[in-house]
Every structure is written in C-alpha cells, then in structure tokens.
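*Asks:* Hey, can you work out the whole structure from these sequences and the hints?
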Amino acid sequence: MLTLETQNLTHRFTPHDIAVNNVNLRVEHGSIYGFLGPNGAGKTTTLRLVLGLLRKQEGSIRVFGDLFEQSRLEVLRNVGSLIESPSLYGHLTARENLVVLQKVYRCAPGRVDEVLALVGLPHTGRKRVSQFSLGMKQRLAIAVALLPQPALLILDEPTNGLDPNGIIEIRELLKHLNQEWNTTILISSHLLAEIERLVTHVGIINKGTIMFQGTLDALRSKQQQSLQVVLDTSNPDLSQQLLHQQNIAATQHDGKLILPSLPKEHLAAINQQLVHHDIKVFEIGIVKNDLESIFIDLVK
Amino acid sequence: MTRSFFNSLQSEWLKTKRSLATWIVLVGAFFTPVIIIVVRIIYHDTLATSYASPTFWATLWRNAWESIAIFLLPMGSILTTSLIAQLEYKNNTWKQLHTLPLSLATIFFSKLAIIVFMLVQFFVLFNVGIYLAALVPYLVVAGVPYPTAPIPSDLFVRETLLFFLDTLPIVGLQYLLSLHYKNFLVSIGTGVILWIAALGSLKWKFGFAVPYTYPIFNYLKSLPDNKIAAPLVSVHVMAVIYFVVFVGVGFWLFVSKREKG
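Chains as they are written, first to last, in the numbering used here: chain X, 1 to 300; chain A, 1 to 261.
If you are wondering where the hints come from, they were derived from the structure by calculation, not from laboratory data. Here a beta-carbon is modelled for each residue, glycine too, at the ideal position from N, C-alpha and C. You can trust all of the hints, since none of them are fake.
Which residues of chain A face chain X? A few of them, derived with a C-beta cut under 8 angstroms, are: (1) Ser8; (2) Gln10; (3) His98; (4) Thr99; (5) Gly261.
Derived CB-CB ranges, DEER-like: (6) Asp163/X x Tyr131/A: 52 to 62 angstroms; (7) Val233/A x Gly40/X: 49 to 59 angstroms; (8) His190/X x Leu26/A: 44 to 54 angstroms; (9) Asn183/A x Ser60/X: 29 to 39 angstroms; (10) Asn182/X x Leu161/A: 52 to 62 angstroms; (11) Asn183/A x Gly65/X: 34 to 44 angstroms; (12) Trp181/X x Val245/A: 41 to 51 angstroms; (13) Val233/A x Pro15/X: 43 to 53 angstroms; (14) Leu132/A x Gly90/X: 31 to 41 angstroms; (15) Gly65/X x Leu161/A: 50 to 60 angstroms.
No farther apart than 20 angstroms at their CA atoms in a straight line, the calculated lysine to aspartate or glutamate pairs in the EDC-like style are these: (16) Lys17/A x Glu96/X; (17) Lys257/A x Glu58/X; (18) Lys260/A x Glu58/X; (19) Lys260/A x Glu74/X; (20) Lys95/A x Glu74/X; (21) Lys203/A x Glu66/A.
*Replies:* Okay, structure coming up:
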C-alpha cells in the first residue's frame, strides 16, 4: 500500500526549465523513504508540489490514496513537514510557536510539552526563538512537524545545522517514530551516507528525473554488481590480450587492468596463467564501490 | 469552517504577542492623551475654567483627534497592517502556514480579522485615553473640578465608528500590498505616498477619490473655515466600497499565487 504516490509529476519554472520531469514517487506505507539528489536536482520542488506549496502543472499526487487537490485539508491534517530552513516566529518562545500550531491542529495541549521533550528542547523557557542557535531552530522545526502526530512526515534536509550528536539523535528519533507509530517518513538529503543507516527505501533524483527508486537492498545489490577487480602486472598489454582470449572484458586504467568481479577460483586461475606466461603479478585487488559512489555514478 | 476559522483566529492572535504591531497600537492609542495630560498639568492655570465649560468634552475630543486623524491613524494603520502581514515573510513561515489544514479563505480572512480587531482595540484604548486625559488633571491638579458637562457618549460612539469606517480602505489596500509583495518597503512606501497624496488632494474637488483622505476629511469637516473641498459623495460609503474592493482583489491575488511560501 502506498502512502504517497505521484504520477508523471512535471513542473516548469519557465517553459525551458524543467525542474521536475515525469517523477513517479512511490512511498510505501510504514517505510522511511530517502529522497536523494545533489543540490538543485529537484528534491525540494517535488516536496513543495506534494505539499501544495507550488501549484501543480502536470501529473497527479495521491496521499493516503486520495488525490491531493481534492482532499487537501484532510491530507494536511495527517502530514507533518519541514521544508528547507525552519519556519518559526522569532519573537515567540519555542512553546508559543508550538501553541500557535496546536490551536490549528486541535491536538491536546500536553502534546506541546511532549514534542519539546522528544526533540530535546524541554527547558528553553522564555528564551525567544530568534536567540536560538541554528541547531535549536532545526530541532524546534522538527517538533513542529511532529506536533499533529502525523501519519506521513515530510522532512527536507532536516539535519542541516545539527552537530554529529544532533544528527544521531534525530536519526534515532525518526527510527523510533517509524517503529512505534508506524509513521511513514519521506526524508530528503544530498548525502547518502547521512541517511543510509535510517532509510528502508531510496529514490535518487537528478536534473528533475528519478534515476533509481527501490529498497535500500536493491541499491546494495546494484553495489554488488558494480564490484570490480584491479590487476597490476608487469605487462598489461599481454595480460589484457590473454584475458580477452577468455572473454573477460578488461580495460586499462593508469597501467592497471580493471575487470568485472569474478569468483576467487577464477581469479586464482588467471593468476596462474599470467605467471605461466612470465608476467609478474604485483597486485590482485577488489575495488569496492560504496553506496556513495553508486549514488555519484547515478547522478553523473 | 467556523471552528477552523475560530482556531485560526486564536493562532493569529498569539502571533501578535510581543510584536511591533501590538506596541504601535498601544503607544499610538495613548500618545496624544499623554501629551494632553502633560500640557494640562504644565499649564494648569486655565484648567478650572475649561473644566467648567459646557463644551469641555467636545473641545477635548477635537484636540485629541487632531494629530490622530491626520497623521497617527493613517500612518499607524499603514504600519500595523503591513507588520502583521509581513510577520510571515519575515519569519519565513508562509510555507508552514500553507501546509496547515486550513483553507486559503480561512488563512486570508483570519489574518485580516486580527488586523481589524487591532484597529478596534486602538479605538477603544484611544477613547479610554481621552477619558483619562480629562480625569488625570482633575485628580492631580488641586482646585480643578470634575467636568460639569455630561460625557457626550453618542458623539464619541458615532464619531469613533465613522473614523473606523474611514480607516478601512487603508487597511484593505495595505493588506493587499503586504500579502502580495515580499518586500516590506513596497507596502510601506506605497502607503506613505498615498498618505501624502491624500494631504495634497484635500482642496481638490475629486479628493474624495483618494482612499487615504477619509479620516482626514472626517476630522476636518467639523472645523469651521477648514478650506477643504466638500466631498461630492459620502466618504464613509466610499470607504466601505473601497474596502470591499481592496479585500476582494487581495483575496483573488492571494489564492492565485503560484508559489505559496
């Protein structure tokens, strides 16, 4: 079952500038969906479209199975969001900021203290938000998003401005919300490493187009497929020739041979053969592409 | 709709807490009464005579409104309306507001209702200030009697209501501009230019067409030898028409925005 689904979502800021191109997001119920892409890839534009902050031009958006434009109020009642920089009233305290929204969401007054405690801001007292550090503002903005106990949480780069401890705390909090309350979370980031330990699903967008979408495991299997073997020998040309005779696609790079991942026995046989042809083998190694390099390859 | 509008009103009212707009209302309402009190205490010699005069309240009313109607009320309305609407731009909170389960009409009209309520708050406080301007010298200066003339409450209520109506076009246009333009200077600058235009058009026979003239016309009409061109139509009716038009256009521009926050 999908909590959020877009079909052929397309948005142009000018006729020749396609910011989002036929995006088909599929965020499964109960998942933590990492929405990845470099700066300017179209992440924020997509999220703003999903929340109705930008007027939809082409395509459709369904949230909780309903078309967004037809059930806007019902949908927004169950969605918490943080888009780009924190949206907070600087002249009010943290508590007052939340009470402003508590009135609209009609949630219990006690919920304000609950979310303040959840994000680690229970004792800011009468300090005005304009005097908060960026990290504190970011935490409060997350508290705002959590206030209505949303079934869907949309967070656009929520860890911006947080120190490493803060990032870990927020990550644990989001995991907890997902596990305890089955909250579906859509979280965007430009760093895979930052959300790799959090997400169950990944969507990678570049230049407005989805390059990959699936589970984190599917992305990892892509990583397995991209493993390569590096071979450093005294005669790369002859080595390459011998490998080609065995139908192994080997390419030269900086005097070394790069070949696809092979079973250990096969590598041992190649080594024996090269030695047999008086070729000295200096190195046989595995080039491990981490998820980050897969991500970079996809967005190149 | 009714409940969400009420909730939105509560939310909007909380946002005005400690805001500059709130201070402008408070300071603006008591500014002239405080000046009158200070002047009366300094020049207390003539107070006994003036307090015994049958026209005491009418004179006090006219003195109190002089600077308010011509300068402080238009400028205060320009500033307060712009500041309330600009709270969202200043704090980057439009996007938060537009992702709340509120219709666009609720967002637009609850914010406008708060501004109108603050205007009412100003008039109530100003009337209290006028009464205090009479009471404080009586309590502080020895030998000054309590005014013998009864308080003309019907005059106070009627004129306050007319000034309220006359200020609505300023609120309407400033609200439209402040919601539509992110740059604070556009709304404030336009407001100041229109106020100057209002001052310059008082002698012009079509001066009533400038929507910022109405509080000034309403004050000057009671003065003998006022040298203004008598408006060809009721400025109060014109004020209401302008307000409805400005609010209508403002709402249309608000809902037609492609980017909301």
